[in-house]
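Asks: Sequence:
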Amino acid sequence: MADKASTGRHRPTRTGKVSSRSGNKTIVVEITRKVQHPLYKRYINQTKKFYAHDERDQCQVGDWVRIVETRPLSRLKRWRLQEILRHGSGNVAVEKSEKSQT
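For any residue, its number in my numbering is found by taking its place in the sequence shown, counting from 1, and adding 93.
Hints in this document: simulated from the structure, not taken from any laboratory. All of these numbers come straight from a predicted model, not from anything done at the bench. Every residue, glycine too, gets a C-beta built ideally from N, C-alpha and C. Worth double-checking, as some hints may not be accurate.
To be verified - What follows is a set of in silico ranges between Cβ atoms, one per label pair, in the way DEER data are often shown: (1) Arg171 <-> Asp150: 17 to 25 Å; (2) Pro105 <-> Asp150: 17 to 25 Å; (3) Gly116 <-> Arg159: 15 to 23 Å; (4) His103 <-> Arg126: 14 to 22 Å; (5) Ile177 <-> Tyr133: 32 to 40 Å; (6) Lys142 <-> Ile177: 14 to 22 Å; (7) Ser167 <-> Tyr136: 29 to 37 Å; (8) Glu176 <-> Lys142: 37 to 45 Å; (9) Lys134 <-> Leu166: 37 to 45 Å.
Build out the structure end to end from the sequences listed, making use of the hints.
Replies: Right, here's the structure in full:
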């Protein structure tokens with residue numbers, strides 16, 4: 094399925110962090126960007142959530158991923174996982190609980 098995306102027209106891609114796994118084969122990716130306030134000229138972080146399709150269910154919360162725009166897959170999903178750039182620290186909670194038991 095990844096080969097189909099590479100051929101044909103250019104599709105927009107985004108890079109963000111997986112904030113949650115909602116349902117089967119669905120991830121929520123948060124994309125943060127800095128925008129200058131029009132009046133005060135201060136830079137503000139703006140966050141937007143994108144629902145993306147994860148065919149192999151391989152993403153975990155905290156992973157940095159690249160998603161690519163695709164046809165509508167459901168009511169909310171218009172993006173598909175292209176690649177995992179960096180695995181996040183999903184095991185931190187497990188390590189902390191193990192340390193507290195000793």
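Asks: Now look at each hint and say whether the structure bears it out.
Replies: Hint-by-hint comparison with the structure:
1. Arg171 <-> Asp150: 17 to 25 Å: Check passed, 19 Å falls within 17 to 25 Å.
2. Pro105 <-> Asp150: 17 to 25 Å: Given about 24 Å between the Cβ atoms, the range holds.
3. Gly116 <-> Arg159: 15 to 23 Å: Holds: the Cβ-Cβ distance is about 21 Å, inside 15 to 23 Å.
4. His103 <-> Arg126: 14 to 22 Å: Holds - the Cβ-Cβ distance for His103 and Arg126, about 21 Å, lies within 14 to 22 Å.
5. Ile177 <-> Tyr133: 32 to 40 Å: holds, 37 Å
6. Lys142 <-> Ile177: 14 to 22 Å: holds, 18 Å
7. Ser167 <-> Tyr136: 29 to 37 Å: Taking Cβ atoms as reference, Ser167 and Tyr136 lie about 34 Å apart, which means the hint holds.
8. Glu176 <-> Lys142: 37 to 45 Å: Taking Cβ atoms as reference, Glu176 and Lys142 lie about 19 Å apart, which means the hint is violated.
9. Lys134 <-> Leu166: 37 to 45 Å: holds, 40 Å
Of the numbered hints stated above, the single one contradicted by the structure is hint 8.
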